[in-house]
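J.: Chain residues, written in single-letter form:
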Amino acid sequence: MNIQDNYLKNKKNIFFSQNKDIQNHREKLLNVFENDRFDKKNNESLKNINLKNFIDFEYKYLIPDETSVINNNQENSYSIVSVNGHCSSFKDDKIEITKILDEDYNDFSKNDTIDNNDHFVNLNSLFLNSGFKIVIKKNNNIKIKISNIITDDNLTIFQKNNYICEEGSSLNLIEEYENKNNSTSNILNVIKLEKNSQLNHFLIQDNSPNHNLIITSHSSCKKNSIYTQKVYNFSEGYVRNFHYSELVEINSEADLQGIFFLKDDNTSNNKTFVKHLAENCKSNQVYKGILNDHSKATYFSNTHVDQVAQKTEGYQLSKGILLSDNASYFSKPELKIHADDVKCSHGSTIGPIDENAIFYLRSRGMSKIAATKILISSFINEELGSIDNEQMSEIIQKKLVRYLSKVK
Amino acid sequence: MNSETLNTLDSYSKNKYKYGFVTEIDDEKPKKGLNENTIKFISQKKNEPEWMLDWRLKAYSKWKKMQEPKWANLSFPEIDYQDIYYYSAPKGFEKKPKDLSEVDPKLIETYNKLGIPLEEQKVLAGVAVDVVFDSVSVATTYKGELEKLGIIFCSIGEAIQKHPDLIKKYLGSVIPPGDHSFSALNSAVFTDGSFVYIPEGVQCPMELSTYFRINAENTGQFERTLIIADKGSYVSYLEGCTAPKRDDNQLHAANVELIALEDAEIKYSTVQNWYPGDEDGKGGIYNFVTKRGLCAGKNSKISWTQVETGSAITWKYPSCILKGDNSIGEFYSVAITNNFQQADTGTKMTHIGRNTKSKIISKGISLGHSQNTYRGEVSFLRKADKARNYTQCDSLLVGNQCGAHTVPYIDSKNNTAVIEHEASTSKINEDQLYYCRQRGLSHEEAVSLIVNGFCKQVLQELPMEFAVEAQKLVSISLEGSVG
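Line order of the protein sequences matches chains A and B. Adding 537 to a residue's 1-based position in the first sequence gives its number in this note's numbering. Adding 741 to a residue's 1-based position in the second sequence gives its number in this note's numbering.
Any given hint could be a false lead.
Unchecked claim - Only pairs whose alpha carbons sit at most 25 Å apart, straight line, appear in this in silico DMTMM-like list of lysine to aspartate or glutamate:
| id | chain 1 | residue 1 | chain 2 | residue 2 |
| --- | --- | --- | --- | --- |
| 1 | B | 811 | A | 581 |
| 2 | A | 880 | B | 1172 |
| 3 | A | 905 | B | 1126 |
| 4 | A | 825 | A | 792 |
| 5 | A | 597 | A | 571 |
| 6 | A | 856 | B | 1071 |
| 7 | B | 1098 | B | 941 |
| 8 | A | 833 | B | 1152 |
| 9 | B | 1089 | A | 576 |
| 10 | B | 811 | A | 843 |
| 11 | B | 806 | B | 819 |
| 12 | B | 811 | B | 795 |
FYI, nobody ran anything at the bench for these hints, they're computed from the structure.
Only chain B is shown next, with the shape it has when bound in the complex:
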């Protein structure tokens, strides 16, 4: 840990936090509803150039003609897009604070309450945190150090101002705005998110991390994340999500685009813990996320790891387009649903280049009255010679009111490609449970231990500091539903 790091952390920890959990900050919002004025308002607030506004408006006109995708095994009341605020920035944030001491302490308190104490951040030194509170970036740390290496790590709004060339070239190149209605919606109204550019040959020395939070009631968060790894570079990116308890359903439709050029590697890890609604299924976040990575160059690699414990509704398919020869796509996922949560999650591996490889490990755990679906597509196109895929999806059912579903789509158009898929569904093994109980663990502890073991294959893919957090999260998610 260098002295600069320590100083930064110290300056954080000197702040005092004495306010409540739900931060009462005056929000500055446009009127509810979605129309061209809303988009113009957002664009103006963000001080965006003309071409960006055009881009948004184009996406909006596409969205108007589109319908929500219907394939998912989810049921929820229809979303009223006109009943949502599309922009909420805490007042006074238009001028960015230079460091955390200038930041409203209430914001910092929220993070603290959500379980990222600064003490822990101290331990987690080596993590540059780009905190997004509702829609505006609060503070970015470690910027200087990253800048020395030529790494750009900033909010997408800033990138639009400072790096328009990169944005123009890559934004929407992996997820076209017209892909489906949620991507069009996001393209039209996205407010913030992260932008990462790793220059040629640079190995990013630390894990980049962004904590996204939803705070203001009825404000959909529409982040846009764009990560570009230039030739021969490496980056590991962490995303963590938590949201305070609310009764109204909140819409969340993020778009995440990854681009790995020749020999580059991107590792994207998520621990997602949005508010899932209460025990009766009331409230909770609706999460419709599009995450897609493009292995554009030869020998590139994209790896997705996700731990999903939150959201009333999860609709999320982190995908890889394996375009470059010898490129590799990986997907590791743990999805836990409890109470009345519904998750329809999985991945899509599209093999285009020769000798491409993909691996999918998915673990689903359903408890309570929840429905957990794995939906994944693996396709080999004509030219994907010698491509290889291995898929394993296991489901665990706890209780007889929940459902676990597996819906793989497997499509091969190449006769040298090999594809393997296996899935199993079962309940917790009685013998294992008995063994643990015999050694003095309570029923709940035993279940938690077994479930953690069940997920281990995925959890070990997470970066160290995340893995610990994720393990705790798994145990917390099981609380109250066992026995």
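Next comes chain A alone, as it looks inside the complex:
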């Protein structure tokens, strides 16, 4: 079924279908889809995607029976289970979890940082059927772990989450996406960091081959706030990681990092975009990928420095290792700079594993496979080493071992 039919059929079940403004906005989006049919040729971000899954799909959504669980087992530490994108409300003196409201939708649809041509974000706005909002209250230091569970096969989940870190708060957020059924999740995270706040955001993605995950995030950082994002993509299904960050006030920082491990016919599309809109901000974008078999990946990174954003430091790094003849990697690290007192750079490398290094290890009696595995581990060690959460580190090590066991 195409997008228009799906929408007309399920119009009533979608969030905010009563709100006139939102309705109008959606009608406009429908028109966009009418006119612009996912033109792969003129839209690089659609490279390698099997579009059929997203243009021609069967809309199906179930409101979960079981309410999600929020545990507050340790002090300042919460674990949340979100079922089909739903999360029950919760409130204490540190955090507040609610459903998303009309104004949260509007708040986002006006934002122009995200490319208006991003069809997946538009799809999300069109079919929005779940999501929640988490507010971290002033001056609290919180840890949250969110497990995303999908109950049935063939669900299409369009989810929008809002995270707000109030002044002086600090949040350590771990999100797990481990789904074994053939569903499609299209998730948009809107993250706001107020003055002096900090957010460490980990995303662990490990889905089965037929599960599609499209995750887009948009963060904005106010004065002295720091946003750090680390994406670990072990998925066997398609994953799209598009992350946008805006540094709107001085001394803020954004750090967007990711590692992806691909094999078989898998595809992954990645994008990071940092917009420097104020003085003295720092950004860092680092993505590393290992590609085996017939896998394909793209990585677009962008640093945009506005005219007023003097004293900017913006760095980008992209590294890819191709383990097989048939793997391919496309990267496009972009710099757009309109201020003169800046330090910006980018680096990008793609290649095989260093033969000399393999030779060195083999000459010390190691088998070729063992040598390859050691070198892959060392390639990403820097990223893994920086995880200060022991439990997380263990989980990721396990997944890495699983990936490496398939490397021949």
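Use these hints to put chain B onto chain A, whose structure you have.
T.: Chain B only, in chain A's frame:
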């Protein structure tokens, strides 16, 4: 310097030059606008054979269906293709003069004014100059000497008459007319340009050079250059561009095709100094150039070096298709933009053959209100085993109104190929500036010195005589915008 050379130069310098800067020569033009009649007119004027006209008309029919490429980070008013003259040849040039004394002295004066005094040409002996004034070749020197070696160096119009086999075989083989709208346009209406053929095993003893000029107002120049280096040969080709000051925007859409067969090497150097428009961004040349080289044979090499200081708009991507095994592509570029200039330039290295190598060094300097973009694509296809690329692009920003952008596209489909890309953007180092000032240089001199140092990696790739000119050009380009 042999006596023949000296004689030729002497005969040049005896001419007197007493006329104004903008040469007032009656132009012979077809009506404004582009249609089949214009193309037929051009073809007829150039006395072309039937097959050439067909070729042009085919390209034109393709162009009609095409749209301008939109990827570049440029903004300019839409080009009205019907408001341009597509052919302008100074009257009386249909019969070619045998030597320079027969040439209208006004033309020679223009070259003189543009800073290529004949005295300098004397020093630059060893350079055969094929001067293109608007659309017709004025004079070709050193022809005899080149002919002895079997080298063909003439205007493309002449080549169409005299060497139709080579033209039929190679014209459009690297840049197909249907590649994009500017290449189709050029294929339809090109008027002049150079043709070079270096026979097997010949090392061209001198640097071949063509000075292109735009003179008549509202006349787009559509040159077509075709250089073929046969097996084991070597040629170094220089192209320099300047244009007199005009208010109307002038369109320039050249196509340059290079073909290097087995073991051949082509070195192509450009110093480009088209009129960039005045301080308010008024006027200036729109430059949409397609330059592409094909390393067709094994062990062949193509090297592009460019110094870009001119044009209101520069849209230029000298590329290499590395088809032969072990072939090498190189790209060295300095692009300086000032005032309201916009440049979107870079390269494209397509690795097809095994063991192919490419190197890209790009230096961008933005001043004033200008926008300078590096856009480069490096791609390794499936069979490009052991291919290697190194890319370095540095940008320098002077002033806070300008922009420097870097947009590399990196695509690897081969797991033995290695690709490295690095880029940095910064302003002029305060410490370096301080050091120079302390030693008595003015601010402007210091900036000029530092910028020259920044570009050195590229400038040293230029042939000697060009390097000097280019260095001066860099300093001139910075004038008035520093401090």
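J.: Which constraints among the numbered hints does this structure fail? Numbers only, ascending.
T.: 12
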